[in-house]
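Peer 1: Two chains, two separate frames, one set of hints: put the complex together.
If you're matching them up, the sequences are chains A and B in order. Heads up: the first sequence begins at 1 in my numbering, then just goes up one per residue. Heads up: the second sequence begins at 1001 in my numbering, then just goes up one per residue.
If you're looking for bench data, these hints aren't it; they were derived computationally from the structure. Glycine is no exception: its CB is placed at the ideal position from the N, C-alpha and C atoms.
Cross-link-like lysine-lysine pairs, in silico, DSBU-like; alpha carbons within 35 Å at most:
hint: 1; chain 1: A; residue 1: K323; chain 2: A; residue 2: K370
hint: 2; chain 1: B; residue 1: K1034; chain 2: A; residue 2: K94
hint: 3; chain 1: A; residue 1: K402; chain 2: B; residue 2: K1077
hint: 4; chain 1: B; residue 1: K1002; chain 2: A; residue 2: K402
Anything over 10 Å on all C-beta distances counts as not near chain A; from chain B, calculated:
hint: 5; residue: M1001
hint: 6; residue: K1002
hint: 7; residue: L1023
hint: 8; residue: V1027
hint: 9; residue: Q1039
hint: 10; residue: A1041
hint: 11; residue: R1042
hint: 12; residue: Q1044
hint: 13; residue: M1058
hint: 14; residue: I1066
hint: 15; residue: Y1073
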Amino acid sequence: MDASIQQQLIADLLVESFEGLDRYDHELLQIESGTAGADSLNVIFRVIHTIKGTAGCLGLSHIQRVAHTGENLLDLLRSGGISASPEMISALLKLSDALRSMLRSLEASGSEGDADHSPLISLLDRLQEPLGAVEPIVPAPVASPASSVVQSQCAEPIPATSAPGADAGFGFFDDDLAPVQMPEPLFPAPVPTPAPFPEAAAPSAGSGAGAAAGSPAASVSAGAPPAENAGRSNAEDSAIRVDVAHLDRLMNLVGELVLARNQILQKAGVVQDPTLLSTAQRLNVITTELQEGVMKTRMQPIGNVWTRFPRIVRDVSAELGKKVRLYMEGRETELDRTIIEAIKDPLIHIVRNAIDHGIESPERRVAAGKPEEGALVLRAYHEGGQVIIEIADDGAGINAEKVRARALRDGRITPEQAARMPDREAFNLVFLPGLSTAEKITNVSGRGVGMDVVKTNIERIGGSIELLSELGSGTTLRIKIPLTLAIIPALIVTSGGERFAIPQVSLVELVRIDTAGEGRGIESLYGAPVYRLRERLLPLAMLDRELGIVPAEAATPGSETGSNLIVLQADGRQFGLVVDEINDTQEIVVKPLSKIFRSLTCYAGATIMGDGRVALILDVLGLAQRAAVLSDATAQAAAVDPNRAASVLANREKLLLIEAGGGSRLAIPLSSVDRLEEFERSRFEWSGGRQVIQYRGGILPLVPLNRLVPNLPEPEESSDNAQVVVHSSGGRSVGILVGHVSDIVEEEGSERSAGDGSGLLGSTVIQGRVVDLFDPTRLHLSAH
Amino acid sequence: MKLLIVDDSRTMRSILASYARPLGFTVTEAVDGKDALEQIARHQPFDAVLIDWDMPVMNGIELLRILRSNPTYANWKLMMVTAQSSMSAVTAAVEMGANDYLMKPLTEEMFQDKMRCLELVA
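If we strip away everything but chain B, and leave its shape as in the complex, we get (with noise of 0.2 Å):
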């Protein structure tokens, strides 16, 4: 199972890689939507993308469009890492695509409900 996390901020990626590693999952770290893209071109394919909303250079929004318009990631689990204040913005996120989304502040056992949910672990 391979998880590309893309966040700009180191800790929250070192939060997110220590929930997913026991799970199984080799973790790939990505800095903003644009480094998302060449970890992606480098390393593909990816089973999930975590993808924060708010980053320098290329947003979690333009990434999301990207990844979704291409139909070579059709199957990838893309989830969006959002903070919880605004709900409206994580239903435009899972209308143009996204299989799921992950709230922060998340605890270990959110994270691994989901990726339950999006069937990613057993």
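Isolated chain A, as found in the complex (with noise of 0.2 Å):
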């Protein structure tokens, strides 16, 4: 949006929310005198709630915040959830100051100011218990602060002291955690008064509820089961609450001091002072430990946002007539915090869609012969790098050509895209915004509403969502987070005269090309340059002509004298690039690039190296499309399938017919026969327990054919002369003795079969017959 119209939105904004905020005032004495009309809380609920939508979208996200707090608060009394009550009303007239304040430093500053209102939002938070409202299903402990009858939210920043969706069941776990959470000093040993909020002081809401059941502290230690209880408030005892943003700049600082550390072992390691070298090697040591304990504080086990879903489940599952059973794995998996904030309400959307949606009805299920209960599964486990949270259902999966028909009718697709997509692509439309439509979820048993904002929430974090579903057996949607923190593993490398930092993460393997001679190093395929990596074609890119370092046409693929090869990984498939040096792996801090780099999508940002010059950190993905090394489909099938890229490589080319004695028949690719002579046996000779023979001035060592390739009868020899294949690579030749050779033919393209490992590239026709393929390119070390 222009900058002058949104200035001009915020002007609104700031007179509306004026009025709105007096008229507010009025209303609530008027509550509190006793003289209200019936629409008062109606006018005041809808006047935070104005305000909280509107700064919300005009990004003022304290101000959404702390009117979101009151809204809440408003919307029970609103739903007489719960009744004013004088501290309530003084509580919620302080909410319109702090209001008040933020938009008049707007008005001044255009900023929101920062004020701390942590303490209100904890009063307003604390003030939605259910006074007294003791939920029978848990006898004591009824101080909860948080047992509160809060819906869920989804995707909207939620206070980290609200705990909406608590519940009675778990809301005692909440209850024991909220005074820690409180943002004031607290009074960590039991205090005799339930005071632990300065502001809230007199007969405040504490006292009203400890009124109800003593104090919290008696209440909570006669309530929770008592070897929780006391495993808990030990742990409450030694823990404060720190706000985020100081671990934020704390991170920031340990990144700083982690580039300082290494500039200094760099020059330690140059000046060559002992005394210097020790302690460089004492602040290494410190450094990396700080570096693990900072982040270790932001880190949390995703079970603390799990402990929620299985009220959620039994709710909803009771809603809907459904029986289901939730199971939870790995909720000891670790996640950085803002992570976990970020994935909460996603996470609790695809729990609510997947019993809604996924699993089917009692009687459904037992018609098609399941258990009458349904299974629900969260999974969370790190690998390579990644969080994988999975979510998992044993319901009716999704039908993926309803999914296609829906978007092809909705002009999401085309006919021919609807067509060639293969089901696992189409059950991914559903995250397509608006496909979710009434036709959708009355009639599609998909996830419908919302599953948008799903993946744009997780996409907002730097991660990946995808599903996967069977029709009639379940659907898992995967989350993939990338654990992107501040500081990362990398690799150096060089290239053009430029370092760069690839992500460990996305590191596979390094593999260095000899290419001291000519051929079996990269070769080419429809014009674009490949390896050969282990029975396998991987697709290339140079990094330094993808760059534009050195010019595209300054080398042709392959002329690289010994070339370091790097094999990536990227959305699930390998490619290989090619770099001029491979340096050091190192701990490098990521630094955002500016705001007028971001659409170069080849870099994910920058780093600065020991030695203080800056080195550009690549996107794996992002250079990956850009040499388009994974969307090509040439390159994309010889990645997958190995047996294909073989076929795809050789197919119509000319193969070298041999009769190899006993009816046996080989061919060979005429791409990888040097020259046929013909020679004489009587110029065999014997050196170093092999056959050679002299040729062109060199010793060329000669390998019968039977040797290389098993099952195949003893050559005849019953000529004086030989048939001899030479073939050369890296520099070296070998003749390889044939039987005879018959013809020269051209493959028709037909399929090949898969070799089997051995010498064999696979079987063809030629024809009419099959014909084993030999490639004397994979023997010829072993023929040395």
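Peer 2: Below, the structure written as structure tokens:
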């Protein structure tokens, strides 16, 4: 949006909000004096609701957050969940004061100001607890500040202190935690009066709750299971609440420290001063530990979020008349707290959806031959530097055909795309915004409303989400969240004289391509460079050329003499990146690139190296897309399926047809044949236990074909002359003694079958007969 | 393309209008459900109506119900504008015949995206 329009909208917001808040105060005071009209609560609710909504749209997150907490309380008041008390009125008046002060700051300075409103938020949150309204399931923990009636929230920033979706069954956990979360200095030791909130002092809600069941401290120790409680309160005593902004700042500083350490270590290595060296080593160790420590403060087990799920599952399934059993695996898996916050609401939404649209009613399950009770599995684990979270159900699955039809009707895909699209891709159409319309919700057993919101939220934190489903047997949503923390291990490489960092996460292996001679290095497939790595074709990208450090036409693929190949993984596929030099692995501090460079998808950021110079961090996926090593259909097929790869590579090539004796025929790709020679057997000599022959001023080792290919008969030595296929690679040559060369044929592009891993490339049909293909390039080394 | 924005907040109406005008919409505003019905009587037809959830006098769900019960408006795209807090409310609205929904806080991109989904803009 245009900046001037934004300015105008903020001006509108200010005027409307000030007006609204005046009305709000007025109505609130009328409620207090008992002269309020029937609509008063609706009016004040709407004022706060509007401020929250408009502030949110204009990116005013502080105002939005404070208003949101007030809105929750007012919603409860309005729906009759709780009734207004004098201290509630004064808290609500404080709310309008706080909002006014932020609006004034916005008016004066253009920012919401950085006043800390967390005490107010805590107070408003705490007032939402139903006073004395004891839920029957849990008898004692009455003072539960969080056993609330709050509705679940989706994808909305929730103040850390609120506990939406908390419940009686698990409420007392939140209960226990609540004091820990208070930002104000608290009194950890059991205090006689429950007044941990200075501003809620006098006849506060705390004492109101206390009146119902004694002091919170007392009620907690009486009510919760003793062992659990003991453990917990100890933990509370030793825990303090820290503003996340502080942790972020610390993290940033540690990042800087890591940079400084790297510089000093490098210096120490050059100077060769033993004292400096040992000091530097110590600095190194301490920095590493500090870094781990700070990172740990930000980590939380995912189980913290999951504690709410049993209740959600129970409620939602009861509401829908379904039977669902919840299994949770890997609840100890740790994630950065910011990430936990961000995935909380999407997870809840997915779980609700799974029960609503995934798992069938008991009758339908029985009819389908499944157990009456559906299973819902939450699973979390670390994999390759990422955290994987899976939500799997054994429900009806998604009908890919219906999704395709729907997307087609909406014009999201073309008929051709629809026809070509594999089910797996079709499922992921449900993430398209707007594919969630009425028809879809009611007719398709898909996950409709808001999956686009879920996806957006996951992607916002750099994650990805995919959906796997099998009609009739269930659906799995897999969320991958990269641990893109501020400091990552990376491989430093050089290309075209510049240094680059490659995040270790995407690294698969390093390969040295030895192209001392010609040939057996980088090959060309339909003009694209590829490399054969263990029976598989790897599409290649030349870093210097992709980044334009050297002009693209400067060299032809394959002419490098001795290249370094980095096998990388992006989007589930692999490709090779050719660089000049591989330097080192290092912990690097990720510095985001300035906005101007954001559109350069090849780079994920920048870092400062030990010598103070800047190196760009490569974005592996972006780079792969740029080089088209993942999208190019041929390369893709090649990378995925080695057998197909071989056939694609070799299709329609010319083959040398050999009668190997005993009726066996064999074909050798002509491309791997250097020369065909006919030698007199009398010229054969023995050297080093091998048959050799003097050939073109050198010694050519000779290998009988039946030594290379199993199950071939001994070559017939009927004639005095032997036919020899000379194959060269890497500057060396070998002569293969073949029986009799019968023909040169062109393969008709028929499919080849896979080889068995010996010297055979596979089989093909030539002139109506099955012929084994033999590839000398594979056996070159063993021949030596 | 004619768009009716129904919202009791002036700021919210301005925000939505500022998103809609560059897409070529002619915007009419209404401050609540009842006002919306009057605006419709005066200025119809509309291609799309954006309806806020919670409004005085006549709320959005009521307006939605009225519009959807009248076949005259069958081809109009009706979108509920809601806070993100209640997914079940959104589901209910969609079941009542809303074509789609917009969630606050929303961005201009989200708005454009939804308009494209509803084929109101190319």
